[in-house]
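Undergrad: Sequence:
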Amino acid sequence: MAAGPVLAGAPQAEDAQPAPAAQRPAVEPPQLLEFAAAVYPAQAEQQRLEAKVLLRLTIDAQGAVTQAEVMEPAGHGFDEAAREAALRFRFMPAKRDGVPMPSRIAYSYEFRLPESGAEAARTGTPVTSQTASSGTDSSSAPAAGTRVPSSGVGSSSPAQTTPAQTGHASSGAPSSAAAQTTPAQTAAPSSVAAQTTPAQTGPASSGARSATTPAQPAPPMDASSTTASTATAAQAAQTPRDPTSPSPVASGSEAPSSTAPVASAPDATFEEPIEVTVEGESEAERRRNSAEAVRVIETEQIQREAVDLGQALSRTEGITVRRAGGLGSRARFSLAGLSDDQIRFFIDGVPLELAGYGPEFANVPVNFVQRMEVYQGVVPVRFGADSLGGAVQIVTTEDVKGTRAAASYEIGSFDTHRLTLSARHQHEPTGLFVRASGFFDSTPNDYRVDVEVPDDRGRPTLTSLPRFHDAFRAGGGSVEAGFVDRPWARRLLLRAFASTLSKEIQHDVTMDTPYGDVDSSSASGGATLRFEQTYGSGITADAVGGYVYRRSRFTDLGTCAYDWFGRCTIQLPQPGEIESRAVERVVAQHTAFARLNVGWTLSEDHALRLAISPTWVTRDGEDRALRARGAIDALTGERRVFNFVTGLEYEHDALDGRLENIAFLKDYIQSSRADLLLPSNEFAPADHDLHYLGVGDSLRFRLSESLTAKASYEWASRMPRPDELFGDGILFGENLLLKPERSHNVNLELTLATPESARGTFRGSVLGFGRLVDDFIHPVGREGYFTYQNVITARGLGATGAVGWTSPGKLLVLDVNATFQDLRNTSTEGPFGEFEGQRIPNSPHILGNGSARLNWTGVVSPRDELSLAWHTRYVHAFFRSWEQLGSAETKHQIDAQWLHSLALTYVTRTSRATLSWTVDVQNLTDADAYDFFGVQRPGRSVAAKLIAEL
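In our numbering, the protein residues as written are -15 to 934.
Treat the hints as calculated values from the structure; they're not laboratory data. All values derive from a computational prediction rather than experimental measurement. Hints may be right or wrong, so weigh each one.
Claimed, not checked - Simulated DEER-style distance windows between Cβ atoms:
1. GLY870 <-> ALA911: 47 to 53 Å
2. SER688 <-> LEU795: 23 to 29 Å
3. GLY461 <-> LEU796: 25 to 31 Å
4. ARG686 <-> GLU284: 38 to 44 Å
5. LEU934 <-> PHE746: 49 to 55 Å
6. GLU563 <-> ASP399: 27 to 33 Å
7. GLU588 <-> ALA911: 51 to 57 Å
As the list claims (entries may be wrong) - The calculated DSS-like cross-link candidates involving lysine-lysine, where the alpha carbons are at most 27 Å apart (straight line), are:
8. LYS385 <-> LYS723
9. LYS794 <-> LYS79
10. LYS385 <-> LYS875
The beta carbon of each residue, even a glycine, is placed where N, CA and C say it ideally should be.
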C-alpha cells in the first residue's frame, strides 16, 4: 500500500508558450527538493481505506514548510499523517525577479492500497495538482481554475515533456531499503518507502521499516507562464509472483505480490495540469512599499514573549508608551511628540473604543494581533478619521483560511495571569466561516515602590513598600460568523462581543497620596457587520457598521485616609478620599457607527477612493452620591454628538511603478448638543456645529531596488472626543466649549532594504518630521480631577533613525533605533504665554531602542527552534513641569532610564500542533523606572508563557 504526492511540471512546447508580458516580473515557482513519505495509518490499513488529503502549504523564503493546513479533511488518521510528512518537505523557494519569496501552494497527498490478484500489475497513481496561491499579487499568473491540456490530451509531444515525480510511503511487511521505480521496471511490492524516477529502478529488500529517499527536484517551469502540462510517463510493467516467495533484494528483481503494497510510476491517463502562482508582496510589504507614511510591525515573534501591546509598540522609533503603573494602568501613547487622543487607534478598521476591548490599547491581547501599522502624521482616508498626529491600525482578522485553534497562558511576577483562547473554521465548499476568541487578565499589581513614610520620630524616610490597592482584572470574548470568498461577497461577517474590566486606584497622579477605597470599572457589548466585495470594472466596496454600549462606574466612598502600609490612619469626617465628598458616578454611552470605502481602479495607474464615516454618540449618567444629597447633577443633562468625516483620494502610479502619489481631501463635520450646568444650578444649552476641511498628499519614489524616498503632508483637524467634551465618568470632567485642534504635519523619509545575499540583509530608515499645532488640547487639573482645555499652540520638530541586519539563515537579527523630538510651546498669550519657547513638560525628547535575537533551528528535532532575544530601551531625562519653573535644586526631573529585557523561547512543531515556551525577564537589572509625573513602574519581573496552536 502506498501514500504519495505528485509534483509535476514541464515547459510547454515552444509554439505554445505565450510571450512574456512587458515589464512583468520574472517569477519562478517553488520546487520540491526533499520529499518526506507519510506513514500509512494502521487503522485505515486494517479497514482497507484510501484517501486523498488536500493541504495548503506555506513555504518561507528559505524553502521550509512553515504551515501545513488541511483543506479537505479525510479523517481516519490520514490528515495527521499527510500534514506530518509535508512539514518535513524542503523546497527551492519561489522567486520573483530572482529574489526568494514566500509562497503558498495547494498540495494533494494521496493514500492508495494495492489492487488484488492480477490487477496488482496495473500501474498508475493519479497525478495530483498543486497550486501556489497569492493572497496579494497574482501578476504573471493565471486565475485559479485555469487549465491547460495534459499529456496525451492535446498537449505537446512526449519528446518535449518531462516525467512526473511521485513519492510514496508504504507499510506492510517490514523493509530496510528504499526503492525507486521507472517506466520500464517495477520495484518489489514489499513494504518500502519508494519514489519513482524516469530512468532507473532501485532495490527493495525485506527487513526493518526504511526511511524515505528524498525526491529529486521537479523540473523548473517557464517563468513567463505559471501553468504547465504534466508529462507522459510510460506504464510500468509488473509480474505477479508467489506470495510465499521471499522479497527480492537485487536491483531489477521481479517480485510483485498480489497482496503486498506497491508503488508505481504514474499513468498518463490520470495526469492533470499543475497551476502555480508565485506569491507577490504580502499585505505588510505592500504597506511598507506604498507612498503612505507607515511603519509596519509584525507580531509573530512578539506573540511568544510575555509583553503587552504597549511594550511591543514602544520598541518602534518615534513611539513613546508610558504607563501610570503596572498591568491595566492607563497608558499614554505618543507619536512624534503628539499624544493620547491626537493619535487614533483602530482594530481592523473599527475605532478601538468600539471594538470590544475597552478604551486602553495596551489591554488588547497581543496574541490576537497579526500586525500593527503605525501612520505618522498623515492618515489615509479609508479610516474615516479626524486624527491630528497619526493613527495605529491593529490587524487581527486577516487570516480566515482553514481550521485553527490557539491558546496562550502567561504567569508572572506580582501574581499576574493572562489567558487567551481563539478558534476558527472555514467550510470551503460553502464559504461558511466561524471564529471565536476570549481573554482574561488578572493581577494585584503588588510590586514594590519607593515612598516616603514617617519613622518613629515622624521624620520622612524613603521606604520600599508593596502597592496594596492596585488590582486589575479584565475579560471578554467575541463570536464572529458569516461567509468568505463567495462570488457575491469576499466577506460578509457578523461579530458580537462583550468585555468587562475593574481597576483599583492606588494614588493620585503624582503618587503623593495613597488611596484605599477608590475603584473604577467598565463593561461594554455590541455587534458589527462587515461586508467586502470586488466588482467588475475595478470597483471595490468595504463597509462595516455597528452598535456599542459602554457603561463606566467610578466610586470614592471610603471613610478612611490610608498610609502606604495600607493602614487606616484617620477616620474622614465624610466619605471620599479624593474630593472630600462621596462620589458614585455611573455613565452609559450608546454609539452607532459606519465606515464605507468605495474604490474604483480607472486604469492600471489611476485609482479613486471614497470614504464616508458617520458616528452617533449619546450619553447619560448620574452621580448617585450627589443626588442622594439632593444636589443638581451635571451628568443628567443632555449629551449628544454627531461626527461625519468624508475623504476622497486619488492615486497615480508612474514611471513603471517607481513613482506613486496619493492626493486626498477630507471634510470634517461635528454637531454636538449638551446641557451646561451654570453656577446658578440651572441648565443652559451649550451646542455647537463645526465644519472644517483638510488636504494632504503622499509621495513615494523608488530610487533603486533597495532605496526609497517618501514625502507626505497633511493639514489635519481633530474634533473633540466625547470623553473630552463630556468627561469619562471617572477622573476627567466635562468641557462643553472645547474647540478642534488643527495641525500642519510634514514627513520626509528615506528607507533602505537590501535583498538577501551572502552577507545577509540590511535595512535602514531616516525620517524627519514637523508638526505645527493650533488649539492644542491638554488635560489640566490636580489630584484626581482633570478637564481638557485648549491651552497652547505648539511646534514639534524631530527625526528618527533605524538600522537593522539579519544574518544569512536568520541566525542573528540586530536592530537599533533612535528618536529626537522637540515639542515646544509657541503661545504668546493665555495661561501658558509666559512659557513661550519652552519644551512641553512631562515628555521625553530623546529615546532609543536596541534588540538582538539569536535563532537556532533543528535543536532537538528537525522542526524545532530555540531563540534568545534581548531588548533595551533608553529614555533621556526630562522635566515634569516647565523648564523655567523653580531652581536647579528644586526642579522636578525624571532621571534618565536604561531598561533591559531578556526572553528565551523554544518552539516545537509536530504534525498536529505547534507549541512554544518562553521565559521572559523584564527590567533585567531591576532599575528604577518612572513614567507619568514620577509614578514608579514595576522593577524586575519574571514571566513564563505557553502557547499551543493546532
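Undergrad: Take the hints in turn and mark each one as holding or not.
TA: These are the hints, each one checked on the structure:
1. For the pair GLY870 and ALA911, the beta carbons lie near 26 Å from each other, so the given range of 47 to 53 Å is not met.
2. Hint check: SER688 to LEU795, Cβ distance near 27 Å, so the stated range 23 to 29 Å holds.
3. Look at GLY461 against LEU796: about 40 Å separates their beta carbons, and that is not inside 25 to 31 Å.
4. The supplied range of 38 to 44 Å is broken by ARG686 and GLU284, whose beta-carbon atoms lie about 27 Å from each other.
5. Restraint check, LEU934 to PHE746: a C-beta distance of roughly 37 Å breaks the suggested window 49 to 55 Å.
6. Distance hint for GLU563 and ASP399: a CB-CB separation of about 31 Å, consistent with the stated range 27 to 33 Å.
7. Between GLU588 and ALA911 the Cβ separation comes to about 55 Å, which falls inside the hinted range of 51 to 57 Å.
8. Only pairs whose Cα atoms come within 27 Å are accepted, and LYS385 paired with LYS723 is rejected, the gap being roughly 46 Å.
9. In summary, the hint linking LYS794 to LYS79 is supported, as the alpha carbons are separated by about 18 Å, within the 27 Å threshold.
10. Of the supplied pair hints, the one linking LYS385 and LYS875 is violated, its CA atoms being roughly 58 Å apart against a limit of 27 Å.
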